[in-house]
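Participant: This is what each chain is made of:
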Amino acid sequence: MSNLRSLTFDAIIIGGGGSGLRAALELAKSGKKTAVLSKVFPTRSHTVSAQGGITCAIASADPDDDWRWHMYDTVKGGDYIADQDAAEYMCSEGPKAVFELEHMGLPFSRFDNGRIYQRPFGGQSKNFGEGGQAARTCAAADRTGHALLHTLYQNNIKNNTVFLNEWYAVDLVKNAEGDVVGCIAMCIETGEVVHVKSKATVLATGGAGRIYASTTNALINTGDGIGMALRAGFPMQDMEMWQFHPTGIYGAGTLVTEGCRGEGGYLINKDGERFMERYAPNAKDLAGRDVVARSMVMEILEGRGCGEKGDHVFLKLDHLGEEVLGKRLPGIVELSKTFAHVDPAKEPIPVVPTCHYMMGGIPTNVHGQAIMQGEDGKDQIVNGLFACGEAACVSVHGANRLGGNSLLDLVVFGRAAGMFIEGALNAGVEYLDATESDIEAAMTRMTRWNESEEGGETVPELKAALQDIMQASFGVFREEENMQKGVKQLAELRERIANAHLPDKSNTFNTARVEALELDNLMEVAEATAISALERKESRGAHSRYDYPDRDDVNWLKHSLYFPATKQLKKRDVNFKPKTMATLEPKIRTY
Amino acid sequence: MVTNITSFGRSGLSDWLMQRVSAVIMALYTVFLVAYLLFNPGLDYYTWSGLFDQTWMRIFSLLTFISLAAHAWIGLWTVTTDYLKSTPQRVGAQMLIILAIFVYLVWSIQILWGA
Amino acid sequence: MSNLQVSVYRYNPETDSAPYMQEFQVDTKGRDLMVLDVLHLMKEQDSALAFRRSCREGVCGSDGMNMNGKNGLACITPLSEVIKDNKLVLRPLPGLPVIRDMVVDMGLFYKQYERIQPYLQNDTPAPAIERLQSPEDREKLDGLYECILCACCSTACPSFWWNPEKFVGPAGLLQSYRFLVDTRDTATQERLSELEDPFSVFRCRGIMNCVAVCPKGLNPTRAIGKIREMLLAEAT
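Residue numbers (the UniProt record's numbering), protein chains in the order written: chain A, 1 to 591; chain B, 1 to 115; chain C, 1 to 236.
I should point out that these hints are in silico values taken from the structure, not numbers from a laboratory.
Be careful, since some hints might not be right.
Okay, derived cross-link-like pairs now, DSS-like style, lysine-lysine, Cα gap no bigger than 30 Å in a straight line [what the hints assert, rightly or not]: (1) A/Lys587 - A/Lys488; (2) C/Lys226 - A/Lys158; (3) A/Lys126 - A/Lys587; (4) A/Lys29 - C/Lys87; (5) A/Lys309 - A/Lys284; (6) A/Lys537 - A/Lys570; (7) C/Lys216 - A/Lys346; (8) A/Lys126 - A/Lys327; (9) C/Lys111 - B/Lys85; (10) C/Lys84 - B/Lys85; (11) A/Lys270 - A/Lys284; (12) C/Lys140 - A/Lys327; (13) C/Lys111 - A/Lys337; (14) A/Lys327 - A/Lys309; (15) A/Lys337 - C/Lys216; (16) C/Lys29 - A/Lys309; (17) A/Lys126 - A/Lys96; (18) A/Lys327 - C/Lys216; (19) C/Lys84 - A/Lys337; (20) A/Lys378 - A/Lys337; (21) A/Lys337 - C/Lys140.
Reference excerpt, derived from the structure (chain A facing chain C, CB under 7 Å, subset only) [unchecked claim]: (22) Val40; (23) Val333; (24) Thr338; (25) Pro460; (26) Leu462.
Backbone N, C-alpha and C fix where the C-beta goes; we use that ideal spot for every residue, glycine too.
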């Protein structure tokens, strides 16, 4: 394999979404030889689809707002398995990161006094849950993700970041000591495969919502970073925690922002009843997303769903009036007309809980350094490997992410990873070079697909099978027997994928090959999710089990850690030690 | 970007403005002539020639012809840069156009003052 | 009626000496699918068919293409909007080099975008909080910042077809105006001085194809007019 060309960088960032671009910006400014490797042109990354906003205590809507209140909401929203040192870091550093974005040019909407517009979002409170609903989500109309991603890309242009656009990272390269020293990547346009050498490899590859049949996620969200890390033998944290967004458009799966409910919209069942008043008397439609999604499913299961099949509910917005809709939610009006054939100024939008966000991922510390567990059960840093954004599990979202916290996560931890890597590179890091056999190991699956022979099943049918298994066995509500079945089906599916066939072996812009490589990653994510979900025997946040309906703080106030080699689950301690304030003690979670 | 040495005013803005100003002048001239013809239904050679004997009419006419020349130059220069991608062809065509416009302009002066 | 006839542009430089149109029969089961859904059904028939796609909801700008003669985003274009005589003709965006099938080389398009310095420039020290901006001033950015760089407009523009190296094109100019009109940007003079040559802005002939095809309903021609007005105000 020595005929592989190699490219050498100080840091390689895999993924051109919000967190990758924010990390890249930090490193580009520092003058380190950095490249962003992205399978799509960066502004096509999924961050672009984020709508409602970026939650942060910038004290604009409320001059007395406090990042500690935001932290309280975040930890409570995460059902107390968010790491409190990480949540503290995100919420306290947040304002700095948001103001930086504004200075870079992000076109935030504004209040009359010229400050950034903030709207209410789910799970937000003042004064540690005692002061009523807060309005803490900074917004650029309902296109905040688009505005944020474009602003970050633009500033990377300004700082001459090197981009390897439409390149696909295949697998991590580890040296003899287990340090990550780069990756194997393929230029999609030419099919050329290269060995990218780097002292720091940042996985900013985003989520993997495409393991489910119904998802708000882009088609590119196939968990590539998670797949690479799992194949390299690294553990995954809290992979059972998948957020189902209450308002995906029925049938199409496209997202309708929580900002709709923040602006005053609410959910109704077939009787026209505002049912969230029964499930969350205080926060109502702005309870945590897990709570709202479960309530919707309960309504549907109890026969109060809307439509011919009674399998969805309605989001009512018409009472807001055309002016508010046009000014605050113009994108939603467009999407509803296109995908639901409904004008929200006149009729309610049919919605259903839809897979939206992966709370779990590669365990990291606040500097983005990937973590594994030593034999003594203690945390160990993985040399050379970093993760940030949705692919990482810092963990600030715990068992359920609050709306608007994902964009904050991206910029705060993208920035943090960039700053840390700059420092580490300045201090000097040297790892052993990868040997021929190390590189060959990372080429295994590429070679497998390229040599696959006719007779095997094709990628689209296997992908559909995987998505159906996940949808059927690991949805909003879960239960032992059904999950057992799902895990077994996945094991069989893994065999089928190992024998699958790639008919098109050409080199020029071969999207079939990319989709085959993505399927491997979906498989890894799905299995990690399934086994983690089966093993966590309680209900917490987004993980709801019929057979274990209660939260079990005695046994499960822990992160789960899935080990790919043994396919077993271990536990990892949650951090309860914020640096500047008292621990937020777990309480019963009500809204 | 290299300055375009064959464009009329060496600047897109000045060409753009000139094209609009020259268009206004040509429009005014056209309106004037049409009105003149309407108000003089049985127009004969002496009246027509008398109009062009007056200095203001000669200046107005000359201004219009210069406008026409500039307008044509800017317009045709644009056409050559759009469609003629080979430099010798383009420069050749531009020289021919400039020559033709120059000849027409001199000819028109000769007509105006030569009678 | 549920069998749709699709004619699609095919070209793989490794095997084809020239591009050709290939016919597909797609069973839509009578549904009013989006064109992107149809492409996915075609890819199930022939996995070698190459096209770009990502968000499938009209915000990432990956799947700009020419559908029955008009540029648009495949993911938000329902068949009922484009179909003629139950036939759909799909071609890559016109005017850019084809890499393979529906995939074009967007290099020139991105180069023109980068040329207008698409980032906020402000030479005053940043405050500890955000820079203030009135809602009225912010409103000036509406209809500009929403651009998704899909290239539907620029590749529908004859001026861009003839001079893709020199004419910025509607997409780039829309973004240029987005920064010119942003009250937080202080590089107005420098930006304008980069634009006054005969090509960058002035090659726009007001054809307005850009306005007709923009999937986000934006109006680059209007922005170009505003840039001309600013240039005129500066230079006279």
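Participant: Take the hints in turn and mark each one as holding or not.
Facilitator: Each hint tested on the structure:
Under the criterion of a C-alpha separation no larger than 30 Å, the hint pairing A/Lys587 with A/Lys488 is inconsistent with the structure, at around 36 Å. Taken as a hint, the C/Lys226 and A/Lys158 pair is honoured in the structure, with Cα atoms around 25 Å apart against an allowance of 30 Å. For the proposed pair A/Lys126 and A/Lys587, the alpha carbon gap of about 17 Å is at most 30 Å, so the pair holds. Between A/Lys29 and C/Lys87 the alpha-carbon distance is near 52 Å, which puts this suggested pair outside the 30 Å criterion.
Using a Cα cut-off of 30 Å, the hinted pair A/Lys309 and A/Lys284 holds, with the two alpha carbons roughly 26 Å apart. Only pairs whose Cα atoms come within 30 Å are accepted, and A/Lys537 paired with A/Lys570 is accepted, the gap being roughly 13 Å. Using a Cα cut-off of 30 Å, the hinted pair C/Lys216 and A/Lys346 holds, with the two alpha carbons roughly 22 Å apart. With a C-alpha separation of about 26 Å, the suggested pairing of A/Lys126 with A/Lys327 holds against the 30 Å cut-off.
Our distance criterion of 30 Å between C-alpha atoms is met by C/Lys111 and B/Lys85, whose separation comes to about 20 Å. For the given pair, C/Lys84 sits about 36 Å from B/Lys85 by alpha-carbon distance, which is inconsistent with the 30 Å threshold. The straight-line distance between the Cα atoms of A/Lys270 and A/Lys284 is roughly 18 Å, inside the 30 Å bound, and the hint therefore holds. At most 30 Å may separate the alpha-carbon atoms for a hinted pair to count; C/Lys140 and A/Lys327 meet this at roughly 13 Å.
Straight-line distance between C-alpha atoms of C/Lys111 and A/Lys337 comes to about 34 Å, which puts the hinted pair past the 30 Å bound. Distance check on the hinted pair: A/Lys327 and A/Lys309 sit about 34 Å apart at the alpha-carbon level, beyond 30 Å; violated. Using a Cα cut-off of 30 Å, the hinted pair A/Lys337 and C/Lys216 holds, with the two alpha carbons roughly 13 Å apart. Among the hinted pairs, C/Lys29 with A/Lys309 is consistent with the structure: their alpha-carbon atoms are about 20 Å apart, no more than 30 Å.
At roughly 20 Å between alpha-carbon atoms, A/Lys126 and A/Lys96 fall within 30 Å of each other, so this suggested pair holds. This hinted pair checks out: A/Lys327 and C/Lys216 have alpha carbons roughly 15 Å apart, not beyond 30 Å. For the hint linking C/Lys84 to A/Lys337, the alpha-carbon distance of about 22 Å falls within 30 Å, and the restraint holds. Between the alpha carbons of A/Lys378 and A/Lys337 the distance comes to roughly 52 Å, so the proposed pair goes past 30 Å and is violated.
With a CA separation close to 25 Å, the supplied pair A/Lys337 and C/Lys140 stays within the 30 Å bound. Proximity of A/Val40 to chain C holds as hinted, the smallest CB-CB distance being about 5 Å (cut-off 7 Å). The interface hint given for A/Val333 is violated, since its Cβ lies 11 Å from the closest Cβ of chain C, which is over the 7 Å cut-off. For the restraint placing A/Thr338 at the interface with chain C, the shortest Cβ-Cβ distance is roughly 5 Å, inside the 7 Å limit, so the hint holds.
Taking 7 Å as the C-beta contact cut-off toward chain C, the hint placing A/Pro460 at the interface holds, the least distance being around 5 Å. Look at A/Leu462: its Cβ only gets to about 12 Å from chain C, farther than 7 Å, so that hint breaks.
Violated hints, in rising order: 1, 4, 10, 13, 14, 20, 23 and 26; the structure is consistent with all others.
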